[in-house]
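Between the sequences and the hints, there should be enough to build the whole structure, so can you do that?
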Amino acid sequence: MAVSVRVRIAPSPTGFAHLGTASTALYNVLFARQRGGTFVLRIDDTDIERNRPEYELLIYESLRWLDLGWDEGPDRGGPHQPYRQSERLDQYREQAERLLTDGKAYRCYCTPEELEAERKQAQLEKRPYKYSRRCLTNPPAGRAVSAVRFKVPGGEVTFTDMVRGEMKFDADLIGDFIIIKSDGYPTYQFASPVDDAVMKITHVIRGEEHLSNTPYQLMLIDALGYERPIAYAHMPLILAHDGAKLSKRRHPEANLILFREQGYLPEALLNYLALLGWNPGTPQELFTFDELVQKFSFERVQHAGARFDWEKLNWINGEYIRTLDDSELARRLQSFLPNLDVATIERAIPALKTRMHKLAQAVDYLDYLWSDPTPPVLEPDTSERVRAAIDALKDVSWEPAAIEAALEKAVQQSGVGKGKFYTPLRDVLTGKKVSLPIHYTLALLPREIALFRLQRATNPPD
RNA sequence: GGCCCCGUCGUCUAGUGGCCUAGGACGCAGCCCUCUCAAGGCUGAGAUCGCGGGUUCGAAUCCCGCCGGGGCUACCA
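Residue numbers (this note's numbering): 1 to 462.
No lab work stands behind these hints: they were computed from the structure.
Where hints are given, some of them may not hold.
[To be verified] With a Cα cut of at most 20 Å, we get these calculated SDA-like pairs of lysine to any residue:
hint	residue 1	residue 2
1	LYS104	GLU49
2	LYS151	CYS135
3	LYS312	HIS241
4	LYS248	GLU49
5	LYS200	ARG35
6	LYS130	SER146
7	LYS151	LEU173
8	LYS245	ALA306
9	LYS433	THR423
10	LYS104	TYR131
11	LYS420	GLU404
12	LYS312	LEU258
13	LYS151	ASP222
14	LYS151	GLU114
15	LYS420	PRO375
16	LYS130	ARG119
17	LYS168	ALA231
18	LYS353	PRO375
19	LYS312	ARG331
20	LYS245	TRP310
[Claimed, not checked] Pairwise CB distance ranges (calculated):
hint	residue 1	residue 2	range
21	LYS353	THR282	19 to 29 Å
22	VAL293	GLU113	31 to 41 Å
23	GLY77	LYS353	35 to 45 Å
24	ASP242	LEU173	25 to 35 Å
It should be emphasised that the depicted structure is a prediction, and the values quoted were computed from it without experimental measurement.
In this text, a Cβ means the ideal position worked out from N, Cα and C, and glycines have one as well.
Put into structure tokens, the structure is as follows:
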């Protein structure tokens, strides 16, 4: 009988929700859905210095926005709760205690300074650094503060990576590492594999930065007598446009919430993220979520890191915006246009739809509806044409098609081209060089206001 | 420094010894459409496959070396 798949993401609430978290979550969800498995959200909050509850909330919010729902998590419980590491401290201490009594771990009384000195010394002698095991063989007496160190058994550690194949590491190169910090908190290197084992995680899907951490964790799992996960999958990193690792400080695109604020559609972001590091081997670029679930496979994920590219995301997002039906688009636009009622937004959509690659751009096209532009000074003959427009518009039915027809007629009579005729109208109405087509620009504005702005421009108040 | 991963147009990528005079997508340029801006249609520029050696009748594809980038090597995760 096939074991049921259990996967997890384990973000730490040490800052805004990260793009990488979304990416990793996506791959986990894709795999879980594919195999009818369970997706677990665990909060890895063992860094008491940097953890903040509001950051945890941000993680929930971002993941929900992306519709990457979890089956078990801190907020909804599950068979292996609690799902917050800070609430599982007893577990880790207990397991560390077991290792201690089995002689597989030992207390370390070294100070950070002493450790630093060891490291420096090794560097000086050009020798690869490994902890000296001083506290194993000859612990200093009379010290109260201690951490717990794992006694690395060495040897060869192998495991299966679903994207890279069979991996092999020489554990003799790995020094004894800390599993419980002197503040009593476990390190990531300890808490993570313990939880994965206890929570019966079958496949660990995470970022490539953890590839070299895997042997550490595997040795721990073995030492504790736990069952190993069936397989790992280390996904390529998302790089910034300059090729550097995405940094929260230097790269705004690392901040997940920013995408929502700018009006990227969650399904478009997911589509882009899926493509960044994976491809189906066919020319298809746009996928529904269900298609992704169906087509995704670890064999086709990239081994090298991929640079984040706004342009491509913008294109995908534009494609998604254009396929949304009008009422749905209007609904999504509402929060970006608090000054407009839904009816107005809906009327703008046919013209707006092809002009946005992100929702926030709607503001640039529509802000003339709630803010009055400063009237330009018109040349006499331009002023004349504006007056002609006013005449044409005065009694016309106030909707785009009729406005367009009336204006076309006025253009005919004016003897100049559409460009020359419409440009000043656009300027007078919006104060901008670029707007929706002129008949929409007019129709969206109440007739009185439109005519008022045109009128005002023809007789400046000197 | 040690260990690990990686290296095809600007970017994301296809490619697993001959179908590759290296394909697609985004972006870019030109044209068409057009009241502006988009969208759409058409056309085009753009990679001697990081470099150097091999192996082979034949290599982007296999082997070795080098270079470059990234990750881990923390009482961060």
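Here is what the structure says about each hint:
Proximity of LYS104 to GLU49 is assessed by CA-CA distance (about 29 Å); at most 20 Å being required, the pair is judged violated. With a C-alpha separation of about 11 Å, the suggested pair LYS151 and CYS135 falls inside the 20 Å cut-off, and the hint holds. Taking the CA atoms of LYS312 and HIS241, the gap is near 12 Å; set against the 20 Å cutoff, the hint holds. Under the criterion of a C-alpha separation no larger than 20 Å, the hint pairing LYS248 with GLU49 is consistent with the structure, at around 17 Å.
Using a Cα cut-off of 20 Å, the hinted pair LYS200 and ARG35 holds, with the two alpha carbons roughly 16 Å apart. A C-alpha spacing of about 19 Å is found between LYS130 and SER146, which places the hinted pair at or below 20 Å, so the restraint holds. Under the criterion of a C-alpha separation no larger than 20 Å, the hint pairing LYS151 with LEU173 is consistent with the structure, at around 13 Å. Between the alpha carbons of LYS245 and ALA306 the distance comes to roughly 10 Å, so the proposed pair stays at or under 20 Å and holds.
Among the hinted pairs, LYS433 with THR423 is consistent with the structure: their alpha-carbon atoms are about 8 Å apart, no more than 20 Å. Our distance criterion of 20 Å between C-alpha atoms is met by LYS104 and TYR131, whose separation comes to about 15 Å. Only pairs whose Cα atoms come within 20 Å are accepted, and LYS420 paired with GLU404 is accepted, the gap being roughly 15 Å. Taken as a hint, the LYS312 and LEU258 pair is honoured in the structure, with Cα atoms around 17 Å apart against an allowance of 20 Å.
In summary, the hint linking LYS151 to ASP222 is supported, as the alpha carbons are separated by about 12 Å, within the 20 Å threshold. Only pairs whose Cα atoms come within 20 Å are accepted, and LYS151 paired with GLU114 is accepted, the gap being roughly 19 Å. Proposed proximity of LYS420 and PRO375 is supported: the alpha carbons are some 18 Å apart, at most 20 Å. Taken as a hint, the LYS130 and ARG119 pair is honoured in the structure, with Cα atoms around 8 Å apart against an allowance of 20 Å.
Proposed proximity of LYS168 and ALA231 is supported: the alpha carbons are some 14 Å apart, at most 20 Å. Between LYS353 and PRO375 the CA atoms are separated by roughly 28 Å; this puts the pair beyond 20 Å, and the hint is violated. With a C-alpha separation of about 25 Å, the suggested pair LYS312 and ARG331 falls outside the 20 Å cut-off, and the hint is violated. With a C-alpha separation of about 16 Å, the suggested pair LYS245 and TRP310 falls inside the 20 Å cut-off, and the hint holds.
The given range of 19 to 29 Å is respected by LYS353 and THR282, whose C-beta atoms sit roughly 28 Å from each other. For the pair VAL293 and GLU113, the supplied restraint of 31 to 41 Å is violated, since their beta-carbon distance comes to about 52 Å. With their beta carbons about 43 Å apart, GLY77 and LYS353 fall inside the hinted range of 35 to 45 Å. Our hint of 25 to 35 Å for ASP242 and LEU173 holds, since their Cβ atoms are close to 32 Å apart.
Violation of the numbered hints given earlier is confined to hints 1, 18, 19, 22; the remaining hints are satisfied by the structure.
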